[in-house]
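Can you make the complete structure from the sequences, with help from the hints?
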Amino acid sequence: MRLTTTTIGAFPKPDCVPITDWFQGSQGPDTVSPTEGYSTQMARVKVDEAEALFVRAAQEVIRDQVEAGVDIPTDGEVRRENYIHYHCRHLNGIDFETLTEKELRGGAYSASLPTITGPIGARENFLTHDWKAAQAFTDRPVKVTMPGPMTITDTVANSFYDDDAKLGADLAAAINAEFLALAEAGCTHIQIDEPVFARKPEQALAYGFENLERCFHGAPDAVTRTVHMCCGYPDRLDNPDYPKADRDAYLRIADAIEASAIQAVSLEDAHRHNDLSLLERFKTTTVIFGAVAVAK
Numbered sequence: 234m235r236l237t238t239t240t241i242g243a244f245p246k247p248d249c250v251p252i253t254d255w256f257q258g259s260q261g262p263d264t265v266s267p268t269e270g271y272s273t274q275m276a277r278v279k280v281d282e283a284e285a286l287f288v289r290a291a292q293e294v295i296r297d298q299v300e301a302g303v304d305i306p307t308d309g310e311v312r313r314e315n316y317i318h319y320h321c322r323h324l325n326g327i328d329f330e331t332l333t334e335k336e337l338r339g340g341a342y343s344a345s346l347p348t349i350t351g352p353i354g355a356r357e358n359f360l361t362h363d364w365k366a367a368q369a370f371t372d373r374p375v376k377v378t379m380p381g382p383m384t385i386t387d388t389v390a391n392s393f394y395d396d397d398a399k400l401g402a403d404l405a406a407a408i409n410a411e412f413l414a415l416a417e418a419g420c421t422h423i424q425i426d427e428p429v430f431a432r433k434p435e436q437a438l439a440y441g442f443e444n445l446e447r448c449f450h451g452a453p454d455a456v457t458r459t460v461h462m463c464c465g466y467p468d469r470l471d472n473p474d475y476p477k478a479d480r481d482a483y484l485r486i487a488d489a490i491e492a493s494a495i496q497a498v499s500l501e502d503a504h505r506h507n508d509l510s511l512l513e514r515f516k517t518t519t520v521i522f523g524a525v526a527v528a529k
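Numbering (the working numbering), first residue to last: 234 to 529.
The hints are simulated quantities; they were obtained by calculation from the structure and are not laboratory data. Beta carbons: idealized from backbone N, C-alpha and C, even for Gly. There could be a bad hint or two in this list.
[As the list claims (entries may be wrong)] In silico DMTMM-like cross-links for lysine to aspartate or glutamate, where the CA-CA straight-line distance does not exceed 25 Å: (1) K399 <-> E357; (2) K279 <-> E293; (3) K365 <-> D304; (4) K516 <-> E435.
[Claimed, not checked] Have a look at the derived ranges for each label pair, beta carbon to beta carbon: (5) E513 <-> E330: 44 to 54 Å; (6) D479 <-> A524: 18 to 28 Å; (7) L484 <-> M234: 22 to 32 Å; (8) A503 <-> D304: 13 to 23 Å.
Next comes the structure, spelled out in structure tokens:
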């Protein structure tokens with residue numbers, strides 16, 4: 234039986250785009266200040282010129298995926314400085330001028346991060362535009378990815394909310410607005426990225442899955458609801474000591490995944506192999522098994 238193939242999200246950016254990859258630099262800017270460079274770089278080009286470059290880049294990475302035989306490609310997230318903060322720039326309540334030093338991913342690293350200074354809310358829909366631009370280059374379904382509530386919470390500073398569950402609920406409502414707009418436009422594969430579920434399984438079970446359900450609320454049957462949960466990847470190649478999530482994290486949340494609205498779950502394996510008995514826990518949930526080690 235032929236397996237269906239997909240990619241998770243980000244690709245190395247083609248040289249034409251006006252922004253750099255998050256991992257460029259001797260230490261990787263994701264461990265220093267992952268958002269400052271984006272604004273500076275985008276200010277150097279006109280809006281229409283930047284759009285043309287992003288469209289060209291999406292065409293290149295989609296062509297590469299299709300030629301490689303990928304059934305469900307993405308646009309490579311070519312418009313994003315990273316998979317989280319691009320979305321945050323389109324939300325009310327997050328200040329990108331006020332940066333706060335914060336330790337994240339369970340102490341894996343620290344960074345100067347945008348700060349929540351008011352109630353979170355969705356602005357005008359933006360991902361439908363990105364999806365339509367990418368979908369024009371292939372007859373294969375282009376998947377759109379969005380960061381999940383717990384992962385956003387872990388990757389911004391917070392000076393407004395006193396309850397992470399409430400913050401997550403407001404983020405979920407904003408994500409849901411994008412989800413439904415994409416579905417209405419015709420996008421049939423939408424992925425929520427929640428690697429922090431593997432980092433913080435107790436919080437995921439306490440309120441993370443409930444807020445994830447809010448992200449999917451009202452999803453039509455035509456849309457495949459996918460969630461990606463990796464265990465953390467290094468900030469640069471050849472960094473074997475990068476602290477990853479606990480090895481038993483997937484086992485601890487497997488039953489909650491199976492009982493949730495998640496239809497397909499993306500699990501890391503090539504970079505760190507699982508006890509394959511894990512797969513027996515999924516009776517109805519499709520498993521997207523990570524088959525390519527992107528960093529060592």
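Looking back at the numbered hints, which does the structure fail to meet, lowest number first? Every hint satisfied by this model.
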